[in-house]
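Residue numbers (numbering that gives the first Met the number 0), protein chains in the order written: chain E, 0 to 206; chain A, 0 to 206.
Hints listed in this document are in silico derivations from the structure and should not be mistaken for laboratory results. In this text, all values refer to a predicted model and were calculated from it rather than measured experimentally. Please note that the accuracy of each hint is not assured.
If chains are identical, the list can't say which one is meant, so a pair holds when it fits in one copy or spans any two.
Below, computed lysine to aspartate or glutamate pairings styled on EDC-like, alpha-carbon distance capped at 16 Å [claimed, not checked]:
| id | residue 1 | residue 2 |
| --- | --- | --- |
| 1 | K9 | E141 |
| 2 | K185 | D146 |
| 3 | K95 | E188 |
| 4 | K111 | D176 |
2 protein chains.
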Amino acid sequence: MFKASTTEEKIKEAAKSVFLSKGFSGCTSREIAKEAGMNVALVNYYFRSKNQLFLIIYQTVMHDFMLSMMEVFSTELSLKEKVSLLIDREYEFLTKHPEIPTFVLNEMARNKDAELQIHETLNNFAQTGVFVEAANAQMSGEMRQVDMVSLTMIIMANCQHPFMARLLTQQLHGMTDAQYDMQIIKHKEIIKSMILNYLFPKKSTNE
Amino acid sequence: MFKASTTEEKIKEAAKSVFLSKGFSGCTSREIAKEAGMNVALVNYYFRSKNQLFLIIYQTVMHDFMLSMMEVFSTELSLKEKVSLLIDREYEFLTKHPEIPTFVLNEMARNKDAELQIHETLNNFAQTGVFVEAANAQMSGEMRQVDMVSLTMIIMANCQHPFMARLLTQQLHGMTDAQYDMQIIKHKEIIKSMILNYLFPKKSTNE
DNA sequence: ATTTGTTTTAAACAAGCGTTTAAAATCTTT
DNA sequence: AAAGATTTTAAACGCTTGTTTAAAACAAAT
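Can you make the complete structure from the sequences, with help from the hints?
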């Protein structure tokens, strides 16, 4: 695997790695410079300050994060298939980047009134038309009457939380890393059927 | 409401409040002292160091957190009723202490190989006999065949995540604090029926 | 009232922080 | 090869960090 060539990319890579694992308050400028294999001053020569560098990293991470949740909505599948595919993609993404949800939520909490907003990604979300699609599916009776907020919460919770609470759950059940990796694969199928059974119940009595 | 009387309790209260909202790396000793209305030296006079004080706070918080998840298991209810009551209690607890899950998971990640373990609480968990109870319920066909790890994960995810991802979800859907508070009340009932429907499905064809 | 012990404070400590400066090293252009 | 511009470094800046010291304020006991 080829690593970054330019100095600027080296810094970004190092910063992303360190920020993701320790958070903004949990690391130092010198730690990032060391990870990038260079002087502290050079980091600031390219990015002016720790905070400026952080903002750039945060934006790219946030963008990837939101994109992973949204690209499914642009497909031509049925709503039920979309939900199923969304869960698959989320687990795939979070297996590669398990620290991202914790990182995003922590930094949003640290920087409440500041520039860590998500307006553009939010607009893209609305433009996919998935809201209208869900409303129609509920009207026709295909889908259970669940508001979009709770729908979002259910999917996010059951996808993200297993990766966020990994340490606690492993300790709680005395599991090794490998065991937990396998558990996650099993768990994905469980929550998928739980969610789909709930959202798209089989008609029982009438019709 | 009466506040703490002794100096030691004042420090503990202040430390708990600051640690919970900002985490260990996100706050300073002087900030805790200020919150307690006193000098920095006095905090160290009672607790020797920032880390020592933190460990005491972490233990009490962790204890409360685990207790909130476990006390339901000691009741004499059926397994289905236990799950239902557990969700109620979790939402009740997390409404009062919404920062605790994030705090616990963050500090576990920061202090991986260190003294933030949970062995005693873990033993109590096994002693409630809920594992045996679940195994029996699965054998008799009363409960779906879901391993205890996934069962734990499902409940934790759907209870804790709405409180952990509050800021993100509010921004995503443009909700006020009051709106989100109401959403949580609605959401609790939704995930309760989703989880119970899944774990204890109504027999359809045979019998 | 004076002594003794405890609690609280102001001030200082070395170390580490984010950031800047100025000089060295390297690359570009002529 | 020399000059100029760019990249990288070592060293320092002032400030904040966690922690300690020594003295002040207070309480209790003789």
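Hints versus structure:
no., hint, in the structure
1, K9 x E141, "neither (50 Å within a copy, 56 Å between copies)"
2, K185 x D146, "between (28 Å within a copy, 10 Å between copies)"
3, K95 x E188, "neither (18 Å within a copy, 33 Å between copies)"
4, K111 x D176, "between (34 Å within a copy, 13 Å between copies)"
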